[in-house]
Amino acid sequence: MLFNRYRRGLFITSFLAAPVILYLVYVISPYVQAFYIAMTDWRGVSATPNFIGLENFQRLLGDSVFWKAVTHNIALLVLLPVITIVIALFFAFLLNVGGRQGVSGIPGSGFYRVVFFFPQVLAVTIVAVLFQQVFRPDGSGMLNGPLMGLGLNPVGFLSDPDVAFWSVLGVLVWQAVGFYVVLFSAGLASIPKDMFEAAQIDGANRITLFFRVTLPLLWDTVQVAWVYLGILAMDVFAIVWVMTDQQGGPDWSTTVMAAEIYRNAFEYFRFGYASALGVVMFFFTVGFAVLSLRLSRRERIEY
Amino acid sequence: MASIVLTNVDKIYAGGVKAVNGLNLEIRDGEFMVLVGPSGCGKSTALRMIAGLEDISGGEISIGEKVVNHLPPKDRDIAMVFQNYALYPHMTVEENLAFGLKLRKMPKPEIQKRVGEAAKMLGLETYLKRKPAALSGGQRQRVAMGRAIVREPQAFLMDEPLSNLDAKLRVSMRASLNTLHERLGVTTVYVTHDQVEAMTLGDRVCVLRDGILQQVDTPQNLFDKPVNLFVAGFMGSPAMNFVTAELVRGDGGAAVTFADIKLSIPDSTFTDKPGLDQYVGKKIILGIRPSDFEDAGSAGNHANGWATLPVKVEVTEELGSEINVLFLIDAPPVEHKDTVAAADSGEDEEASLPLVGDKSLWTARVNARSHARSGQNLDLVVDTHNLHFFDSASGLAIGHEANR
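Protein chains in written order, with my numbering: chain A, 1 to 303; chain B, 1 to 404.
In case anyone wonders, no lab produced these hints; they're calculated from the structure. As the structure is a prediction and not an experimental result, all values here were calculated from the model. A virtual CB, placed ideally from N, CA and C, is assigned to each residue, including glycine. Treat each hint with caution, since some may be false.
Straight line, CA to CA, 35 Å or less: simulated DSBU-like cross-link-like pairs of lysine-lysine [said to hold, decoys possible]:
hint: 1; chain 1: A; residue 1: Lys193; chain 2: B; residue 2: Lys283
hint: 2; chain 1: B; residue 1: Lys120; chain 2: B; residue 2: Lys66
hint: 3; chain 1: B; residue 1: Lys359; chain 2: A; residue 2: Lys193
Covered stretches of chain B, going by a simulated chain A footprint (3 or more residues, C-beta under 8 Å) [unchecked claim]:
hint: 4; stretch: 77-84
hint: 5; stretch: 374-388
Computed, partial: chain B to chain A, Cβ under 10 Å [as the list claims (entries may be wrong)]:
hint: 6; residue: Gly52
hint: 7; residue: Pro72
hint: 8; residue: Lys74
hint: 9; residue: Ala144
hint: 10; residue: Arg147
Make the full structure from the sequences, and use the hints.
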């Protein structure tokens, strides 16, 4: 009996050991090291970095570029989930419930499903390069071409500091929507069909059907989407780095925390300072996760 | 309140499957109409077409003189009760009841009045603030009913509303449905596959099979005068006993013979069923209801003139108030397509005993005073006035007014 229990413990441990060790070595220990490096002035050259305490954090407080990046991240944190979820919910509703007859999608919903998901299968870098072309400021840009054809002034989608951030946001939404359409479609599929039929007989039109029945029943899924998108907004990097002018420009108008960390680490070789930025970003992300889990605790819906 | 008229209604699904085929049905104002049939017979589809949840491939449906073919469900002024209740899980009972009224922009006091009345009628007053998840099956069922009642619609449509309840609750809900219908008098269309529900609830019952209407009549008439083998086999539990028999006319009047049994037929049968005399000397399918048997020993005087049938009891099923006696008849089971369809439909599928071999297993329902036991020999008497005769080729009841 005792032997059996011992053997079972051994069995479980042997399976757990590998992933736990990998996780400790490659995830947890770099985190811990980062906390230490953040308190040094290491520039990647000396073997024994100088310990300088919280000096990096002091400097960071006065770093206007970093705080600009933080505001961009926070703006994304608010806007990206809202816009993406609204659009994705709208599409998912039309694809699954909003049809004319009974509980079905609009005509051609199978086709749209593929179209909406398409951005999701493209690599982020490709998306970034693609949109560089779409946003070109001259007549061969996909957006500016028609504008100039109509005799309007071209818009500097990536060159105008007032516009560039919105271009980045637009691309992020464009790429994210497809996945959330699929997520919400799956959520809708788990709601019994007769719920919608009952609502139709009760007198719901498409709008009331959406707001009074679909949205409340889908609320759990929406919350999950919110957390995912919030995390996505916190660690935006590739789109900004590849697509925008001067990697986060012009004039830092599109830069984000991850981009600043990368710049400090691998362009300015201030590894200590970059780690300090990373630590700050870590606390932002953890804070967001804790907050959203706290707020989203709600009684579960049972059918 | 209104009548519902279906004229030549078709439903053809993609792929050409005809779920409902030329259905003609008139549901009178205030009537309780039950659509019954085995699964896949098109009864639910018909109901959903009346509700507007399913489009109509052909024909015309009108509710209260108004053709509703192209009206969306919300404009048909009907309320529906679903099999799984379809209560909104995020709303309380009260909100569930009020939802349809709110959407119709009814003034608040009127909503409250109606919700209050319905809750009182259904005994839901103490549960108004609860969510459906905190209710039992029966309570949810009553909320679903209440949601239909508060609307005060022209018609109730019910899609197997009792089939998710346990047996005992089903019986009591059946009774409350009956009283509810009597009190409200709203036209009701009720779909079920349970012929007991159909018999007990319906003012009239409509039997469907493969999308085709078989017979519409009062429950009693369906039981007494089934139009064909399918209806005969489907309605009534235990099911009617069938055997292929020969109709003969000898010195002592007419009789049917099967196996080595001869049952004489009273003369009145021939006047009741015109056309039956043309079958003399031919094979027919004979049907006998289990309830038309009685134990000779306990039958008493009213069985005077009934034919006697000596049998050997195989199995008895004692139900307390009566006993089902299962016995073998030395004739091959009737393999008509209609009897097969009716038999494999009901939920209480009688698994045919492989032991039976080439004999038919019959059931007789006898009085509990009978002391029939398995293995015994027993004399059964048969009420020969209630024999059913079917054409062995078409399966139609011989002499039935619909088949003349």
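Quick rundown of the hints versus the structure:
1. Lys193/A / Lys283/B: Outside the cut-off at roughly 51 Å; violated.
2. Lys120/B / Lys66/B: Since the Cα atoms of lysine 120/B and lysine 66/B sit roughly 33 Å apart, the hinted pair holds (cutoff 35 Å).
3. Lys359/B / Lys193/A: Outside the cut-off at roughly 47 Å; violated.
4. 77-84: holds (count 6)
5. 374-388: violated (count 0)
6. Gly52: Nearest chain A Cβ about 8 Å off; hint holds.
7. Pro72: holds, 7 Å
8. Lys74: With Cβ-Cβ at 4 Å, under 10 Å, it holds.
9. Ala144: holds, 8 Å
10. Arg147: Since chain A brings a Cβ to about 7 Å from arginine 147/B, closer than 10 Å, the hint holds.
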